[in-house]
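Asks: Below, each chain spelled out in residue letters.
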Amino acid sequence: ETGVTQSPTHLIKTRGQQVTLRCSSQSGHNTVSWYQQALGQGPQFIFQYYREEENGRGNFPPRFSGLQFPNYSSELNVNALELDDSALYLCASSLGQPQETQYFGPGTRLLVL
Amino acid sequence: RKEVEQDPGPFNVPEGATVAFNCTYSNSASQSFFWYRQDCRKEPKLLMSVYSSGNEDGRFTAQLNRASQYISLLIRDSKLSDSATYLCVVNGAGGTGRRALTFGSGTRLQVQP
Chain A
80 ETGVTQSPTH LIKTRGQQVT LRCSSQSGHN TVSWYQQALG QGPQFIFQYY REEENGRGNF
140 PPRFSGLQFP NYSSELNVNA LELDDSALYL CASSLGQPQE TQYFGPGTRL LVL
Chain B
304 RKEVEQDPGP FNVPEGATVA FNCTYSNSAS QSFFWYRQDC RKEPKLLMSV YSSGNEDGRF
364 TAQLNRASQY ISLLIRDSKL SDSATYLCVV NGAGGTGRRA LTFGSGTRLQ VQP
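Quick mapping for you: the protein sequence lines, in order, are chains A and B. Note that the working numbering numbers the first sequence so that position 84 is 163, with each residue one more than the last. Note that the working numbering numbers the second sequence so that position 75 is 378, with each residue one more than the last.
Derived from the structure by calculation, the hints contain no laboratory data. Bear in mind that the values here come from a model prediction, so they are computed numbers and not experimental data. Any given hint might turn out to be false.
Chain B side only, calculated, beta carbon under 7 Å to chain A, not exhaustive [claimed, not checked]:
1) 320
2) 390
3) 403
4) 406
5) 407
6) 409
Ranges of calculated distance between the beta carbons of each label pair, as one might list FRET restraints [claimed, not checked]:
7) B:372 / A:159: 33 to 41 Å
8) A:133 / B:330: 41 to 49 Å
9) B:349 / A:141: 30 to 38 Å
Below, computed lysine to any residue pairings styled on SDA-like, alpha-carbon distance capped at 25 Å [as the list claims (entries may be wrong)]:
10) B:345 / A:90
11) B:348 / A:174
12) B:382 / B:349
13) A:92 / A:140
14) B:345 / A:132
15) B:305 / A:120
16) B:348 / A:185
17) B:345 / A:149
18) B:382 / B:320
19) B:345 / B:382
20) B:305 / A:141
21) B:345 / B:364
22) B:345 / A:167
23) B:305 / A:105
The C-beta atom is built at its ideal place from N, Cα and C for all residues, glycine as well.
With the rest of the complex left out, here is chain A:
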């Protein structure tokens, strides 16, 4: 396995609520990227954190926000949940070199009712 862990594994929320998802990166990795994967689609890049700073962002609204901690673990926060936020949320860790392989955690499956 990759050594990347995520919690929780599954989550059910209602529209308008807020959610926090967590990711622990592989030992020695200082970069965490978050992706959203809707059913039948490939993962879509949300943002990336490198040494506690946001280091790139995809086409997601500001209600998607994140943090990275000194131990390089990370959180993804989503406010004002919408039905379309239902998806698999994946985090991936790497050493931060531009062309380096990213290793994915098992994901958090979020259902918004």
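Mind docking chain B on chain A? Use the hints.
Replies: Same frame as chain A, but now just chain B:
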């Protein structure tokens, strides 16, 4: 136009068959290229990186044509265990920064006994 395009399939092939997947990408500045494999309800896992010179790993061969912005994956002697979705992935595409991975929607392979 999608940044990374793949035929969604499904490709249904008998055991032992040879199958080829193709992928095109739109950003000529893309820097690195990968094939990931994703099993049902699991996270993507790196299958192989793709180099301009072409590379092979056992039954799998990947090719990159930068001039045509085209990537391929060839699987020889298909096994039942090869059944999965194959994701074409480009690093540095889409204006989200050099470190973001851009995924195609995936090609589903089903190997039949």
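Asks: Please go over all the hints and tell whether each is borne out by the structure.
Replies: Taking the hints in turn, this is what the structure says about them:
1. Against a cut-off of 7 Å between C-beta atoms, the interface hint on residue 320 (chain B) is violated, since the closest Cβ of chain A lies about 25 Å away.
2. Checking residue 390 (chain B) against chain A: minimum C-beta separation of about 6 Å stays under 7 Å; hint holds.
3. Given hint, residue 403 (chain B) at the interface with chain A, holds; its Cβ is 4 Å from that chain's nearest Cβ, closer than 7 Å.
4. The beta carbon of residue 406 (chain B) is positioned within 7 Å of a beta carbon in chain A (closest approach about 3 Å), and the interface hint is therefore held.
5. At its closest, the beta carbon of residue 407 (chain B) sits 5 Å from a beta carbon of chain A; the interface hint therefore holds under the 7 Å criterion.
6. At a threshold of 7 Å, the smallest CB-CB gap from residue 409 (chain B) to chain A is about 5 Å, leaving the interface hint in force.
7. Our hint of 33 to 41 Å for residue 372 (chain B) and residue 159 (chain A) holds, since their Cβ atoms are close to 38 Å apart.
8. A beta carbon spacing of about 22 Å between residue 133 (chain A) and residue 330 (chain B) contradicts the range 41 to 49 Å that was offered as a hint.
9. A hinted range of 30 to 38 Å for the beta carbons of residue 349 (chain B) and residue 141 (chain A) is consistent with their spacing of about 31 Å.
10. Restraint check for residue 345 (chain B) and residue 90 (chain A): satisfied, since their Cα atoms lie roughly 16 Å apart, inside the 25 Å limit.
11. Between residue 348 (chain B) and residue 174 (chain A) the alpha-carbon distance is near 17 Å, which keeps this suggested pair within the 25 Å criterion.
12. Under the criterion of a C-alpha separation no larger than 25 Å, the hint pairing residue 382 (chain B) with residue 349 (chain B) is consistent with the structure, at around 18 Å.
13. For the suggested pair residue 92 (chain A) and residue 140 (chain A), the alpha carbons sit about 19 Å apart, so the restraint of at most 25 Å is met.
14. Only pairs whose Cα atoms come within 25 Å are accepted, and residue 345 (chain B) paired with residue 132 (chain A) is rejected, the gap being roughly 28 Å.
15. A C-alpha spacing of about 12 Å is found between residue 305 (chain B) and residue 120 (chain A), which places the hinted pair at or below 25 Å, so the restraint holds.
16. Using a Cα cut-off of 25 Å, the hinted pair residue 348 (chain B) and residue 185 (chain A) holds, with the two alpha carbons roughly 10 Å apart.
17. Taking the CA atoms of residue 345 (chain B) and residue 149 (chain A), the gap is near 28 Å; set against the 25 Å cutoff, the hint is violated.
18. Proximity of residue 382 (chain B) to residue 320 (chain B) is assessed by CA-CA distance (about 9 Å); at most 25 Å being required, the pair is judged to hold.
19. The straight-line distance between the Cα atoms of residue 345 (chain B) and residue 382 (chain B) is roughly 19 Å, inside the 25 Å bound, and the hint therefore holds.
20. Between residue 305 (chain B) and residue 141 (chain A) the alpha-carbon distance is near 23 Å, which keeps this suggested pair within the 25 Å criterion.
21. In summary, the hint linking residue 345 (chain B) to residue 364 (chain B) is supported, as the alpha carbons are separated by about 24 Å, within the 25 Å threshold.
22. For the proposed pair residue 345 (chain B) and residue 167 (chain A), the alpha carbon gap of about 9 Å is at most 25 Å, so the pair holds.
23. About 31 Å separates the Cα atoms of residue 305 (chain B) and residue 105 (chain A), which puts this hinted pair outside 25 Å; it is violated.
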